[in-house]
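Top line first, the protein sequences correspond to chains A and B.
If you're matching positions, the first sequence starts at 1 in our numbering and goes up one per residue.
If you're matching positions, the second sequence starts at 1 in our numbering and goes up one per residue.
Since the hints were derived computationally from the structure, they do not count as laboratory data.
Some hints here could point you the wrong way.
[Said to hold, decoys possible] Below, a list of computed lysine-lysine pairs in the DSBU-like style, where the Cα atoms sit at most 30 Å apart:
no.	chain 1	residue 1	chain 2	residue 2
1	A	Lys176	A	Lys41
2	A	Lys176	B	Lys41
3	A	Lys127	A	Lys168
4	B	Lys192	A	Lys173
5	B	Lys41	B	Lys194
6	A	Lys168	B	Lys168
There are 2 protein chains.
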Amino acid sequence: MSKTTSGTLFGVGLGPGDPELMTLKAARVLRTAPVVAHFRKAGRSGHARTIADAHIRADVIEAAFEYPVTTEVDFREDGYVSAIRDFYSTSAAAISAHLQSGRDVALLCEGDPFFYGSFLHMYDRIKGSHPVMVIPGITGMSGCWTAAQAPITYGDDVMTVLPGTLGKDDLAKHIKETDAAVIMKVGHNIAKIKEALRVAGRFDDAIYVERGTMPGERVARLADLGECAAPYFSIILLPGGRGRRIA
Amino acid sequence: MSKTTSGTLFGVGLGPGDPELMTLKAARVLRTAPVVAHFRKAGRSGHARTIADAHIRADVIEAAFEYPVTTEVDFREDGYVSAIRDFYSTSAAAISAHLQSGRDVALLCEGDPFFYGSFLHMYDRIKGSHPVMVIPGITGMSGCWTAAQAPITYGDDVMTVLPGTLGKDDLAKHIKETDAAVIMKVGHNIAKIKEALRVAGRFDDAIYVERGTMPGERVARLADLGECAAPYFSIILLPGGRGRRIA
């Protein structure tokens, strides 16, 4: 009886959005993997899939996993937790079936696979049973500070990455204690984030970036933004520079 | 009298060290730029130059700028500040001369050009006079957490990037208040960093990474490292995971 060698799960970091900001390594793995998997919102073609498009072979097996709920829901709500946990387990089982049959799977990841994101839930479920290789990618935040032409850290700067889901006081405290900050998951948290920036005395330094490095990219001073709604994946940047002394 | 159109300065992010972790865009710019410039330690071939090697044309004009002092010197010392400021001004003048003559210059940057590093000193000096385009790269820290197979942030984690040059109390305070941390510029600061991690109660979680994604890569629990000296560009990681609740 022959034993099939397990396939490898590749967590393929695709970078911040511009397809040319993919690495040579990611492009190589996409050209050779027999299975390409990705997460997407229900009814959408999927961000990650769009970034990778030019490198995906016509004869590839595709697996698209559709989120059961919107990412705008606070993940501490019980219903969300249970629905998304089932979703991740089902997705991991589908990936494992391919690996079990000896097929490598390239799982498309926006940004960097080990920096937030859905890949981690697959990684934690699969790494004990099958080989996993991670290909790092340029983070969304790096794409945003490049798009904003805003160097984020100089010299001895401290940089803090904050989810916009934190409470106002927590946000303000962290902002006060850092030189540079990146605030993620802006979405419906924007009014609270603005307030925290005002409390910390950094509101006027803040830069708002939407769809960094992608079509429809938008960069504005937060102070000039007005009261419009922000998409969930927009980012607010507070550039550093205290450590710029030798420049 | 004809007026020469200025060349463009490209800040080319090369990623964390593995040449295959360069972006498609970086590789394209390296193939076409008539001038390639880079910083290096005196008498060394230069890290950035090594990463980019396969993409540099035989007929390119090369400009290597050699640091006048070691990066291990504390940058707050007066002699260092004055020597390095002159060095950056001279380097920027050399780059500007090429741009003035209409030649594009690709300035090689380890990691990401807008995340710490020498490029910023060129950017600040040149951006007012010539077009500058920045190509983001994978940061060294991202290469390190990938090498360590250590997802750095989940869900709602706060991540703090700390230069090892900070004082012990400052380090300990930041570490206490964050979920995930990356401590850069370890070098001769390692004993102080260990102490700060102990004070913050996170010493046992810490991972030491040297030359992440490069030949000679070394990953170890900090607790297992012993008393050996650490190179300046090694990194210490504190992975997050408090936000892992839905996994």
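Now for the hints, and whether the structure bears them out:
1. A:Lys176 x A:Lys41: Not OK: Lys176 (chain A) and Lys41 (chain A) at ~36 Å, beyond 30 Å, violated.
2. A:Lys176 x B:Lys41: 36 Å, violated
3. A:Lys127 x A:Lys168: Given that 30 Å is the threshold and the Cα spacing comes to 37 Å, the pair is violated.
4. B:Lys192 x A:Lys173: 25 Å, holds
5. B:Lys41 x B:Lys194: 28 Å, holds
6. A:Lys168 x B:Lys168: It holds: about 28 Å lies between the C-alpha atoms, which stays within 30 Å.
Checked against the numbered hints above, the structure breaks hints 1, 2 and 3 and satisfies the rest.
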